[in-house]
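Asks: Quick note, the sequences are listed as chains A and G, same order. Residues in the first sequence are numbered consecutively from 1, following our numbering. Residues in the second sequence are numbered consecutively from 307, following our numbering.
It is worth saying that the hints were derived from the structure and are not from the lab. Don't take each hint at face value.
[Said to hold, decoys possible] Simulated restraints on C-beta separations:
{"no.": "1", "chain 1": "A", "residue 1": "Thr63", "chain 2": "G", "residue 2": "Ile340", "range": "31 to 37 Å"}
{"no.": "2", "chain 1": "A", "residue 1": "Arg137", "chain 2": "G", "residue 2": "Pro323", "range": "46 to 52 Å"}
{"no.": "3", "chain 1": "G", "residue 1": "Lys407", "chain 2": "A", "residue 2": "Arg137", "range": "42 to 48 Å"}
{"no.": "4", "chain 1": "G", "residue 1": "Leu534", "chain 2": "A", "residue 2": "Met298", "range": "48 to 54 Å"}
{"no.": "5", "chain 1": "G", "residue 1": "Pro323", "chain 2": "A", "residue 2": "Glu33", "range": "56 to 62 Å"}
{"no.": "6", "chain 1": "G", "residue 1": "Asp517", "chain 2": "A", "residue 2": "Phe124", "range": "54 to 60 Å"}
{"no.": "7", "chain 1": "A", "residue 1": "Arg137", "chain 2": "G", "residue 2": "Val428", "range": "39 to 45 Å"}
{"no.": "8", "chain 1": "G", "residue 1": "Ser519", "chain 2": "A", "residue 2": "Arg176", "range": "40 to 46 Å"}
{"no.": "9", "chain 1": "G", "residue 1": "Ala358", "chain 2": "A", "residue 2": "Gly52", "range": "48 to 54 Å"}
{"no.": "10", "chain 1": "G", "residue 1": "Asp523", "chain 2": "A", "residue 2": "Ser54", "range": "46 to 52 Å"}
Each residue gets a CB set at the ideal place from its N, CA and C atoms; glycine is no exception.
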Amino acid sequence: MSNRPETDLSGRPPSGVIHDLGYRPYTGPRLGEGPVAWSFFVTGLRNAYGLGRSGRSKVLPMTLLGMMLLPALILTGVLVQARDVLELDEHLVAYSTYPLTTQLLISVFVAAQAPTLLSRDLRFQTITLYLARPMRRSVYVVIRVASLTAATFLLIGAPLLLMYVGGLLADLPVGRETGRFLGGLAGAVLLAACLSGLAAVVAALTVRRGLAVAAVIVVLLVSYTVVATVQGISYDADSETVGQVAGMFSPYTLVNGVQVFLFDSPEGTITPPDSTAMGLAYCAAVLVMVLGSLGALMARYRSVQP
Amino acid sequence: MTSTTPTTPTRSPVISPTVVRLGVHGIFGRRRGILLFVLPMLLIGLAVLVRALVGQDNDATELTLYGLGLVVLVPLIALLATSGLLAPEIDDGSVSYLLAKPISRHTIVASKLVVAVACVLVFGAFPMLVAGLVMRTGEPLVAVGFAIGSLLGGATYCAVFALLSVMTRHAVVIGLIYVLVWEGLLGGLLDGIRWLSVTRWSTEVVDNVADLSLVDDLPLAYAVVAMLVVAGVATWRTGWRLRAFNLTGDE
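Okay, chain G solo, but in the shape it has when bound (with noise of 0.2 Å):
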């Protein structure tokens, strides 16, 4: 693999569609598809409820959207639609099938990304519209805004496991904790997490769009290049670490 000479005639493209329906059958041929249709179902119900309760409330709206959805939904949609696409490969040795074909392991990245974004969009962004949309049917800007910010932070999101899961075998259980203590617990009561944390980001984005005041003090522009950067430079690390990825594996 290491013969590959940088000066291909035909350069590969940046998606590969066989890649990509590798990956769609990598999420939903296995049981964990399942907890994707159940996650989103669970938010359009609670905003139902919501709606029913309190009728068009901002506070509640804003509880459900960003509590629920935006800090542990969306992160966790990620996380799942991420970790069925590299890290089962990698387990049972079949990724060596894939890193045989004469493919940029770039591509494969962008390729199987491009399903964990469109996983992303469909079970978090759009749900969150709904749901917003639900609860403050009079300000459909608050549910295009959850779902902006949604979208992005879940891309971001998605990056960020893929190259944990070609790191590590435990990625799933890392993930987990990154998600449950640093952006959730520790998000929650040190304020000067916003500057490093995923999650306070795409809340930015949320504020701008819809007008809120979720997270204090932060730059959209700081907010928007930190979510585009992080997720570059862990797409393009991916690669990169798959480019140089050793069969044996760890352990």
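Next comes chain A alone, as it looks inside the complex (with noise of 0.2 Å):
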């Protein structure tokens, strides 16, 4: 079709004209980038419960809500109803505790939800659709992180509310249930933002869903049954400085003894820091690990051809 000729064979110019049918074209607003990215991570966040999406994938993340919310229900209702008996003034576990104990539901989570939001759009080039509207790859790739971000926290920001919610009607004192309950909430923010940030790196470089998932978990699990192994270890030898630089090296046990420096949370690992300058380099370990993510994410995202 390209090659056809300027004239055909009886020398005079074509005479096709293209006729207008009367379409009409879209005359409303344009919006920017800042609704294309909003819009973006409300999709992101209802994705990763699996809503918008197929039946099945809903069974994955709202199972996960469910069991992350069990233990809580359990906790309340024992506080609620032996409160007298057992002479309970507080909740069984803390706020800052609660995901270091219910880990393996957070780390299942977040594998299985970061492939679904980075890999697939990598492996059917969906993000060459996502590159074609005024957004910048930056952008994509900080608005997937949020998306994956803001559901990791309402996983582990939904228990602790149940519990704050049953504490208080149990009558426990509002204004120190608050504060704890606030300080919980901050260390999920921070918790999920590294989470989110340490498993977006790992789905972003494999392209298939089903190893991402098992190299997410296995990175998570890996790095805090060493930094538990650590911990152990060096409070038993009185070395304990050794496990709370060890602490810094996984997500959970990190966010914790931010908690514990911060919010002076009840301590959830063997060795929390217990100095100023300890507390402070597990600040700036959060911040590294989350800039730290979204640098490799951006470099990561560089070379993808759109």
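Put the two chains together into one complex; each comes in its own frame, and the hints tell you how they fit.
Replies: Take a look at the structure:
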């Protein structure tokens, strides 16, 4: 078709015209990068819980959310029922320790949902469509991580809210509980950001979904096991500084340490940071983890062919 | 393929060198091969750190070799090694070329499993031996016990994961959940699981060789027989499953 002659056989210029069939072009307002990014964020957040996707993809996130809420419900029930018998004055498990206790569920959630948000775009080339919108690559990366972070935060925060409301109804002191709850929520934000960043990096490097899931779980699980082992041994050996340094290498122990330092939360690990310098180092480590994963993602997506 | 006569004059060997070579390529020709190197290095690095911190300490050694090595690293290495063997070929359909060859399906499975078990030996049992020797130089039996235990347990895991990988496309995820929830979480909480847990069985072997007591009240004979039975049945079922393999796959 492209080498169609300028003139037809009789030597006259072509007389065809493009008819105006009366289709109306879109003349409404065209939204810029901001609204595109916002709706992209909301879509990602919904997709992380399987909303707007097939019924099968709702099963895992919803089950995990239910399993996250179950221990909180039981703990609150025990608190309400047995408060006088056991002379309880506070929650059986602190807000800051709860994510550490249920970390298996959180890890599985992050590991399963990071690839659904990131790997599939790469594998099926849908990223081309996203980058064709008025949205830069860096915004794509940040929004994807933000969706995952928000979804993870909801997962961690929901049981905390349940425990808080249950605790208030069980007449725990309001001021103290509110302070601890807000500290727990701040920790949940930090933990969600750290986990999502790490998981997103691994997922963006692995195009196949099953492998990405496995890789994220392995990274989170092995890092925590190693850290817990080192902390236990360093505690026994009375060289707790080693254990405190080791705590920075797993998101769970790291964020728990930050909560101990910033909000004076109950300790969830055996060697929490005990000096101001170590506490600041923990805070810095959170920043490095989040910004570092964002940086690694930017570097990864710089070479993605749209 | 159904026309293969049962009375083949030349019986195929149990191990096919070509399939072994393909299996090695399947594991190390991909990026996941890197993890196989990283995990043992973590273990040995940790062993050196422990030795530097507490010297030759029994509790610390048990915590490291059992809690990290036997419960977490050995199953993961078996999973990583096995997941690279059959699953990618089934995924991209190239398994049909392998199955079209006049090689017994059981030979294919056995050859692939030889590679996986060799991986467990090199990346699981040997690092455990080294880590054990680093932490307990005075008592080499501890290291030897953990090496034998992880080899036996790892080989059993390989057979189980191989069966899983021909049964479902989500073998890696299901295998991980099995390792994490059944062997790790529930195995640590409920004592009764020792009768049904590959890790506890291999731990019983460690207990007997190294004279420790990590798992109570589990007969050694039961543990060894259980591992052999599970490994044998899983291997045989994998070959059986491949024999009746449906090329259209699921979904």
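Asks: Hint by hint, note whether the structure agrees.
Replies: Comparing the hints with the structure gives:
1. A:Thr63 to G:Ile340: 31 to 37 Å: holds (32 Å)
2. A:Arg137 to G:Pro323: 46 to 52 Å: With Cβ atoms ~48 Å apart, the hint holds.
3. G:Lys407 to A:Arg137: 42 to 48 Å: holds (46 Å)
4. G:Leu534 to A:Met298: 48 to 54 Å: holds (52 Å)
5. G:Pro323 to A:Glu33: 56 to 62 Å: With a Cβ separation near 58 Å, proline 323 of chain G and glutamate 33 of chain A satisfy 56 to 62 Å, so the hint holds.
6. G:Asp517 to A:Phe124: 54 to 60 Å: At 56 Å between Cβs, range holds.
7. A:Arg137 to G:Val428: 39 to 45 Å: holds (41 Å)
8. G:Ser519 to A:Arg176: 40 to 46 Å: The hint (40 to 46 Å, Cβ to Cβ) holds, given that serine 519 of chain G and arginine 176 of chain A are roughly 45 Å apart.
9. G:Ala358 to A:Gly52: 48 to 54 Å: Once the Cβ atoms are compared, 53 Å apart, the range 48 to 54 Å for glycine 52 of chain A and alanine 358 of chain G holds.
10. G:Asp523 to A:Ser54: 46 to 52 Å: holds (47 Å)
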